[in-house]
Amino acid sequence: MESAAFELVGLTKVFGEERAVDGLSLSVPTGSFFGMLGPNGAGKTTSLSMAVGLLRPDEGTARIFGVDVWDEPTKAKALVGVLPDGLGMPERLTGREVLTYLGLLRGLPEDEVRRRTSELLEVLELDHEDEKQVIGYSTGMRKKLGLAVALLHAPRLLVLDEPFEAVDPVSAATIRTILNRFIAGGGSVVMSSHVMALVEQLCDRVAVVADGKVVASGTVSEVQAGGSLEDAFVSLVGASTRGAEGLSWLSA
Amino acid sequence: MALGLTYATSHTLVRMRLSSFRHALKDQNRVSWIGAGAFCGLVLAGGTIWVAARGDNDGLVVALGIWMLGWVVGPLFAGGGDETLKPEYFSMLPLPPRTLSTGLLVAAVAGVAPVISLVALLSLVVAGAQLSVAAALIALPALVLQLFCFILASRLAVAVYGVLLQVRSGAVLAAVVNAFILAFAAQGWALIVAYVSTDVQGTVATAARIAPSGWGLAAVEAAGRGDWLEALLPLVGLVLLAAVMLIAWSALLVRRTTASHMSHKVRRPLSADGPSSAAAAKELRSWTRDLLYGHKAVFAVSYGLFFCMMPLALKATYMLPWAGPAAVIMAGAMASNLYGADGTALWTTLMTPGSAGPDVRARQRAFLLVFGPLTVLITVLFTWWAGDAGAWPLVLSVLPALLGGAAGLIVACSVWAAVPTTDAHKRSGNPLNSGENEGETMGLVYVMLVLVSVSAAPALVAALYWSWWGVPIGLLSGVLAWWYLGRLAINRLEQRGPELLTLLRHGRTVEEAKKKAQYESIPRWKRTLAGFCLGFAAIPLFPQALVPAIFLLTGNADTKSWFLALYVANPLRWLVIAGMAVLGLGMYAYGGLTYYNARKVSPAEAG
Chain Z
1 MESAAFELVG
11 LTKVFGEERA
21 VDGLSLSVPT
31 GSFFGMLGPN
41 GAGKTTSLSM
51 AVGLLRPDEG
61 TARIFGVDVW
71 DEPTKAKALV
81 GVLPDGLGMP
91 ERLTGREVLT
101 YLGLLRGLPE
111 DEVRRRTSEL
121 LEVLELDHED
131 EKQVIGYSTG
141 MRKKLGLAVA
151 LLHAPRLLVL
161 DEPFEAVDPV
171 SAATIRTILN
181 RFIAGGGSVV
191 MSSHVMALVE
201 QLCDRVAVVA
211 DGKVVASGTV
221 SEVQAGGSLE
231 DAFVSLVGAS
241 TRGAEGLSWL
251 SA
Chain X
1 MALGLTYATS
11 HTLVRMRLSS
21 FRHALKDQNR
31 VSWIGAGAFC
41 GLVLAGGTIW
51 VAARGDNDGL
61 VVALGIWMLG
71 WVVGPLFAGG
81 GDETLKPEYF
91 SMLPLPPRTL
101 STGLLVAAVA
111 GVAPVISLVA
121 LLSLVVAGAQ
131 LSVAAALIAL
141 PALVLQLFCF
151 ILASRLAVAV
161 YGVLLQVRSG
171 AVLAAVVNAF
181 ILAFAAQGWA
191 LIVAYVSTDV
201 QGTVATAARI
211 APSGWGLAAV
221 EAAGRGDWLE
231 ALLPLVGLVL
241 LAAVMLIAWS
251 ALLVRRTTAS
261 HMSHKVRRPL
271 SADGPSSAAA
281 AKELRSWTRD
291 LLYGHKAVFA
301 VSYGLFFCMM
311 PLALKATYML
321 PWAGPAAVIM
331 AGAMASNLYG
341 ADGTALWTTL
351 MTPGSAGPDV
361 RARQRAFLLV
371 FGPLTVLITV
381 LFTWWAGDAG
391 AWPLVLSVLP
401 ALLGGAAGLI
411 VACSVWAAVP
421 TTDAHKRSGN
431 PLNSGENEGE
441 TMGLVYVMLV
451 LVSVSAAPAL
461 VAALYWSWWG
471 VPIGLLSGVL
481 AWWYLGRLAI
491 NRLEQRGPEL
501 LTLLRHGRTV
511 EEAKKKAQYE
521 SIPRWKRTLA
531 GFCLGFAAIP
541 LFPQALVPAI
551 FLLTGNADTK
561 SWFLALYVAN
571 PLRWLVIAGM
581 AVLGLGMYAY
591 GGLTYYNARK
601 VSPAEAG
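These protein sequence lines map, in sequence, to chains Z and X. When you line the first sequence up against UniProt numbering, it's residues 1 to 252, in that order. When you line the second sequence up against UniProt numbering, it's residues 1 to 607, in that order.
A few of these clues could be false.
Each pair of labels, with its calculated beta carbon distance range [said to hold, decoys possible]:
#	chain 1	residue 1	chain 2	residue 2	range
1	Z	Asn180	X	Arg255	57 to 65 Å
2	Z	Arg19	X	Val461	38 to 46 Å
3	Z	Val195	X	Gln28	55 to 63 Å
4	Z	Glu18	X	Gln28	12 to 20 Å
5	Z	Lys75	X	Val31	21 to 29 Å
6	Z	Ser3	X	Arg255	35 to 43 Å
7	X	Glu88	Z	Gly23	52 to 60 Å
8	X	Lys26	Z	Gly246	16 to 24 Å
9	Z	Glu18	X	Pro96	53 to 61 Å
10	X	Phe39	Z	Val123	31 to 39 Å
11	X	Phe39	Z	Glu112	39 to 47 Å
12	Z	Asp58	X	Ser91	53 to 61 Å
13	X	Val479	Z	Thr177	29 to 37 Å
14	X	Lys26	Z	Arg19	19 to 27 Å
Beyond 12 Å from chain Z on every Cβ pair, some chain X residues (computed) [stated by the list, open to error]:
#	residue
15	Arg22
16	Ala389
17	Leu501
Because the hints were derived from the structure by calculation, they are not lab data. Predicted, not measured: the structure shown is a model, and the values here were computed from it. Note that the Cβ used here is the ideal one computed from N, Cα and C, for glycine as well.
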């Protein structure tokens, strides 16, 4: 059995009465491209936040290359690059400044930071917007900058929450290429999404999350079980016939 | 037909507002803020009615002027006023702008503050009833119109500031104007002394009668004299004023929901070569690029200047040396929510190992760089201008203590008492509105005003007793506060960073849910009592014990104001002061212990 790059062990989070994440466990083998699927509100963002050290779990923990995120946060965070979903950025800085300052804060040497920043901005096509402050960025540009932040310190594990949301097709192709190269170079990626086609195309392993629990996990073909991933997903999280009935006034 | 649409829109908007108010009432934390605010407001409203009942119409017209001033200035402190219903929510609805703004105006009446103002405005009826039945009847439409004018003036002011704050020069201008108005309001209690003892009284009352806030009373008084034309004129004036303000507000709302909020180009990056200079450069950017930061900085400094220069009108220079210290205190209070203001961008610090230390120190450094040299310069120049040799050791002791104290307190307060705000990129077109926690932000500002001032106490005492020896004490206490409070903030950020991010991301609800589970173990009345004790213990302790004690010690017993101790005979005074102090401390102790015990009990309950 391969050693795990990323392990989520019994993560639980309770908001008030609601168990947003309920004893969620996952293991991501080193070198795999892991897709986390789930309907809206399934607890993907919450569990990933807990797993990387952004949200303290009520129970359970997570390990990055064997390092416990909640016991040795500093050591664990040095090993991972994270793209969270829906969080802010230092709004008053330009993209280049964000990368420069965060690189320096990670203790990278100055010229190295400058080189990496320029390359990342160029590859992600953020360089011609050099004068723009982050507050003026579009949602897609924010995602790309977030990805650049995650890649900056050359981690061995990437945890990406909805990396393709609102990104244009050209940039999405670029990001796919970057991620495939990252995997080919021995890195591991965990990505949440609800775009089936993308997950089917990119990932070798998937987990389906519903109501804060893992309802299926394994290689893509295991979870597909002969059909398409979309069919498997719909049957796992509960099929819905809604949308076919009612709303008659809409066509009147 | 247009009227029908306006009515239907208003009706729906009022329902929306009441629904969200009902939801707010489910949140214990919000309830205590609303309750405390409503209590203070009702006390003030009661005071206004009492002035009217005494038949002191000059006093009443001034009081009403202060109410209006509060409506106009309040939102500046409270983050853009109540915006439960943001105009942006409705920008896609096919509604004419004036229908929407009328609807929003009507919905704005359905709130706590308007109800309290309505109570205060009942003073018009009270004043009218003393004159004649007709005057009391005229007071009814007058008070409704007056209330609408208050609310409209408030909304219009927010909209105007909003436009101003989108350009740098506008932000500066708005800051200076606000600072002037607030300094004027704060010097009020000193001015009231002057007002009572000199003939300024008549002038102020005349001025307050000319201001729109006095038109309602003018109508009532004219009706009392039976002068119907003069009774009608101010009412027509109020209607016209309201109409003009409504039209202006509608126009600005259209602008707000359709204009883009593009930021301007930036200059070259500040160079940085390591973790701490990178953090410092990152923080300094905020002060120079974010108009709200700039606005706060200009506001704090101009407030200090105005506050201490106003007595110059009475040829008194004794306040001048204190302009610098006053600016630092205000600056500290304005910078008390640094992490809240940056919002969820905190994740970048959390995910960068070892960056909590540089980040906290950078925030302190940026604060000191922005305010340090400037306030030192102001202090030196103004003390020299005042020409009072005795003031030198005092201000030079207090200033470093305040700068260090403020630098330490802002980061500690930002980490411990962060108030969640809406993330910058999700904000509405109102630059003053940073979230839905106006009350909390405002409370924090007041607490910080007190805390930052207190941080200079050792230096001040030392300077009073040993003159120049205060300077090293001030320097020492400043450095200590900067270092130690910064250290505390760093530790807290390192250990409880994720909790802070959760708070900024999801607001109070998650934490509250946990706390609620803890406090549910104590009976409800006990919780309410403990909350009341914590909320109001400051009243007996500070204004009723500490302030009169200082007055007695410094031999200033002329100003009795509402300090109970100064109204009784001499030997009893200290007894009253001691009693008040014990009462205040006892209330703090009871409230604190109740909560502390609840915390101890809860793990057992949970397990």
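Taking the hints in turn, this is what the structure says about them:
no.	hint	result
1	Z/Asn180 to X/Arg255: 57 to 65 Å	violated, 48 Å
2	Z/Arg19 to X/Val461: 38 to 46 Å	violated, 55 Å
3	Z/Val195 to X/Gln28: 55 to 63 Å	violated, 41 Å
4	Z/Glu18 to X/Gln28: 12 to 20 Å	holds, 18 Å
5	Z/Lys75 to X/Val31: 21 to 29 Å	violated, 43 Å
6	Z/Ser3 to X/Arg255: 35 to 43 Å	violated, 60 Å
7	X/Glu88 to Z/Gly23: 52 to 60 Å	violated, 40 Å
8	X/Lys26 to Z/Gly246: 16 to 24 Å	violated, 32 Å
9	Z/Glu18 to X/Pro96: 53 to 61 Å	violated, 42 Å
10	X/Phe39 to Z/Val123: 31 to 39 Å	violated, 59 Å
11	X/Phe39 to Z/Glu112: 39 to 47 Å	violated, 59 Å
12	Z/Asp58 to X/Ser91: 53 to 61 Å	violated, 40 Å
13	X/Val479 to Z/Thr177: 29 to 37 Å	violated, 53 Å
14	X/Lys26 to Z/Arg19: 19 to 27 Å	holds, 20 Å
15	Arg22	holds, 18 Å
16	Ala389	holds, 45 Å
17	Leu501	violated, 6 Å
The earlier numbered hints that this structure contradicts are 1, 2, 3, 5, 6, 7, 8, 9, 10, 11, 12, 13, 17.
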